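There are 2 protein chains.
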Amino acid sequence: MAENKFNYCIENIRMSPIVMISEEVRIKGVEFKEKTGKSIIPFQRGEIDFATPEYIRNAAKKAIDGGFTKYPKSGGEKRFKEAVINKLKRYNKVEGLDEDNVVATYGGQEALELTFQLFHGKKVAGFAPAWSCVLENFVPYADVDFIEVPLEKDFSVDFDRLEEVLKEVALFYLNTPQNPTGKLFSKDEVTKIAQLCLKHDVFLLSDEAYERIVFDGKSHFSPLSLEYDNIISAFTLSKTYSMTGWRLGYLVTRNKEIARLMRLGNYTQTAGVTTFLQYAAAEALDNAEEDEKAVGAMVAEFSKRRDALYEGFKQIPGINFDKPDGAFYLFPNFSEHIPAGLTGVERNTYIYKKLLEEGVAAVYGSCFGSHFVDNVRFSFSGVTIEQINEGVERMKKIFK
Amino acid sequence: MAENKFNYCIENIRMSPIVMISEEVRIKGVEFKEKTGKSIIPFQRGEIDFATPEYIRNAAKKAIDGGFTKYPKSGGEKRFKEAVINKLKRYNKVEGLDEDNVVATYGGQEALELTFQLFHGKKVAGFAPAWSCVLENFVPYADVDFIEVPLEKDFSVDFDRLEEVLKEVALFYLNTPQNPTGKLFSKDEVTKIAQLCLKHDVFLLSDEAYERIVFDGKSHFSPLSLEYDNIISAFTLSKTYSMTGWRLGYLVTRNKEIARLMRLGNYTQTAGVTTFLQYAAAEALDNAEEDEKAVGAMVAEFSKRRDALYEGFKQIPGINFDKPDGAFYLFPNFSEHIPAGLTGVERNTYIYKKLLEEGVAAVYGSCFGSHFVDNVRFSFSGVTIEQINEGVERMKKIFK
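Which chain is which? The protein sequence lines are A and B, in order.
According to our numbering, the first sequence is numbered sequentially starting from 1.
According to our numbering, the second sequence is numbered sequentially starting from 1001.
These are computed hints drawn from the structure, not numbers from a lab.
Treat the hints loosely; a few may be bogus.
Stated by the list, open to error - Keeping only pairs whose Cα atoms sit at most 20 angstroms apart, straight-line, the calculated SDA-like set for lysine to any residue is: (1) A/123 - A/195; (2) B/1061 - A/65; (3) B/1070 - A/22; (4) B/1005 - A/260; (5) A/73 - B/1022; (6) A/122 - B/1008; (7) A/61 - B/1050; (8) B/1005 - A/228.
Keep in mind that this is a model prediction, so the values were computed, not measured.
Let the hints inform the model, and build the full structure from the sequences given.
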C-alpha cells in the first residue's frame, strides 16, 4: 500500500461550497450590475450586518490596556469561566457547574472540532440537513463515519429512525436552533434525543450557536440543563453579539474527563484563547442589562426580516413551509419548480442558478447533505427589509 | 482488541512538566517566604515581563472600532499577509513570496501543531534538547514517532548522525534560536541542515519564534531565504513584541500545496485568526521605526540579563559553557554537582530540588528530552538584574 505523502484527513477537508458560491456571486454580481444597474440580493451570506455592541468593544480595549496580554490560563481565564457559569445559570437554567466544566475555545468552531477529534475514526450521526462545515470540515478532519438522520419534510424528528442509528454510533451532533432550517428543537424533542443518547451510551454534541436568536417569545432549551454526563455543549459569542470575527466560544460539559481532554487539545492546538479577549467576552456575557439591550434590538430586527421573507414566500406558488422559530435562515423546498427528470448536480443547482440569474443569491440544499437537495437556504442575517422585498419581487417573476 | 473510548492521540497529550514545576514553585514560594521573608527567583518562567508596545495596542483598539469584527478571510487578511511579506523581505532577506505562501495562525503554536498534524503517524526528528511542548503536545497529538538527534555537549551539530536519521524521517524540526539552549544556529549550520533535508526528501519545520532575540550584533538566518520547496517556517509575534497572550503567528512556505492544506486545517480548527488582531499584527510588523525602538529596548535589557547571569555562573565551580547568542535561556550542565550513582527521576530532579530549597526556581533538563538530563534551564525573560544577582548569590552558597 502506498503511503500517503501527507495526512489524508487534512487532504480530505473540502473547501465549503458556500465559499465557492460566494465567489460565484461576487463575479455574477459584477455582470448583473452591468446588465441591470442593480445589485444581487445576498441571501447566501451567513455574516451578520450589525456592529459588535459598544460595551463589548470598550471591554476589549480596556483589557488590552489593563495588561491582560500575557499567556492565557490553560482552558480559560477564571474571570471568563465565572461569566460563562453565571450566563448558563441566568439564561440556560443550567446549575451545578464549576470552572472545570468549562473550556474557552476559538469560537464554537474549535469546541466542535475538538469534540469531533475526540471521536476520531468512530461512527458519528447527526440530523440532515446539517451545517455544511460539519460535513466538509469536521467529518474528514476527524475521519469519522458520519450517518445523516434525515428530518421529516416538515423538519420533525422520526424518533424510531433516530434510535436505530444511535445503536451504532459514539456521538450524535445536534444543532438547535438549526442551520439551515431555522428549526428550534422543543424542550421535549431535546430531552428525548438526550435520553435516547444516554440509553445507547452515545455522547451528545449540542451546537447551540444560535441559542439567543429565537422569536415570538419562544426559548432555547439546552440539554445541559438535564444534568446528564454525556452532553457536550458548544457555544459561541459570534451570532449573539455580532462577533463573528472575534472567534470567541466555549465548550461546557458535566463530564470533567472530557473537559480535561478538551483543555489539553485546545492548549496543543493554540496554547489557549487570547487573554484580553476573554475579558471582553466575560463582560459581554455578564452585563445583563447591555446584553438584553443589544441582543433584544438585533433579534427584533431579525424577527421583522424573517416575517417579511416568510410572507414573501407565501406569495410564491408551490412553496409551503412553517415559519421557523430560530436562527436567521429559511429553507424552503422548491420541488414543484424543478423540471421532472433532472438529476445530480444539474438538479441540485437548478433553482440556485435560476435565482442567481435574476439577482437572488442563496445556497442550494446539497451543501447540507444528501437529503433535502430540492431545498434552498435563504439567510436574512445580512439583508435589509428593502432588499428582502426586492428579492421577493424578483422571485415572484421567476416562479409564477 | 478493545476499542479506545476516546481518541488516544488526545489522551496521550501530557500536561507540560513546566506547568507542574510552576505549580510547585507557587506552593514552595509561600513556604520560602514564611521561612526567610524572601521570594523565590523565578528563572523557571517563560513569560516576558515587558508590556506589549503601545503602538500595537493602539492599532488593535483602532481596528476594533474600525469594524474589523467580521469573519476573517481564509488563511489571513490581505493586509496581514502583505505585512508578513514585507517583514520577511526587510528582516529575513526572504524574496519571491506572495499571499498564497502565508497562513495566519494562533501563535507559532498553531503553525507548529498543524505542521505536525500534516505528518500524522509518520517519523519525525529534531535536535535534543527540544522544546517540551513538541515532546508533550505535538508528538502525541499528531501520533508521530519522534527521534531525538542529540546535539554535542557544546551544542554543536554532529552532521553524520543527523544524516543517518534524516534517511528515515518525513519531517525534521529545527528551532533557532533554540529553547532551551539559547543556541543561535549559524547560517552555515542552517544551510547544511536544510540541504541534508532536501537531499533525503525530508520537510524542514523551522521554528523561528526567537528570531529577533539575538545578541552582540549577531543575526538570525531563516532557511526560508534558501528558496527550497521543502521548508515550512513558523513565526510568532509572542516573543518579539511581548505579545504572548495575543496568540498571533504565521506559517510561511514556498510550497503552495502545503500552504493550501494548512489554510484548510486552520479554517477547520478555528475558522481563522481574529480579524482585528490581524490588523494590529500587521502594524506591529510594518511599522519599522516603532518596531526597532521597542524590540531594541527589549533585546538590550535581555542582553544585560544574559551577561549578568552568565557572569554569575562563571563564579560557580564545575559549571562551564559558552555564552549563547539568542533567546532568553541559559542551559548549564550540573553533572559535577550530582552525586555519583543517582539515576532516574531522582537524578533528573536532584539539582532542581536543591535549587528550589534555596529559593531558586529553574526547569530540569529531562523536560527537554532524554539527553541533557544533567542540565537545567534558566530563563531570564521575567527576572530583573537584581533578582539575577540574588539568584547567583544563593547558588554560590549551594555549589561551593
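Quiz item: Given the proposed pairing of residue 1005 of chain B with residue 260 of chain A, does the C-alpha separation stay at or below 20 angstroms?
Solution: holds (15 angstroms)
Practice problem: Measure nothing beyond the straight line between the CA atoms of residue 1061 of chain B and residue 65 of chain A; if it is 20 angstroms or shorter, mark the hint as holding. | Solution: Satisfied, since the Cα-Cα distance of roughly 9 angstroms is no more than 20 angstroms.
Quiz item: Is the straight-line distance between the alpha-carbon of residue 73 of chain A and that of residue 1022 of chain B 20 angstroms or less?
Solution: Answer holds: residue 73 of chain A to residue 1022 of chain B is near 12 angstroms, not above 20 angstroms.
Quiz item: Taking only the CA atoms, is the gap from residue 123 of chain A to residue 195 of chain A under or equal to 20 angstroms?
Solution: Given that 20 angstroms is the threshold and the Cα spacing comes to 19 angstroms, the pair holds.
Quiz item: CA of residue 61 of chain A to CA of residue 1050 of chain B, is that 20 angstroms or under?
Solution: holds (19 angstroms)
Practice problem: With a cut-off of 20 angstroms on the C-alpha distance, tell me whether residue 122 of chain A and residue 1008 of chain B pass. | Solution: Holds, at about 12 angstroms.
Quiz item: Under the criterion that the straight-line Cα-Cα distance not exceed 20 angstroms, is the pair residue 1070 of chain B, residue 22 of chain A satisfied?
Solution: holds (15 angstroms)
Quiz prompt | Straight-line alpha-carbon gap residue 1005 of chain B to residue 228 of chain A, limit 20 angstroms | solution = holds (18 angstroms)
When the structure is compared with the earlier hints, no violation turns up for any of them.
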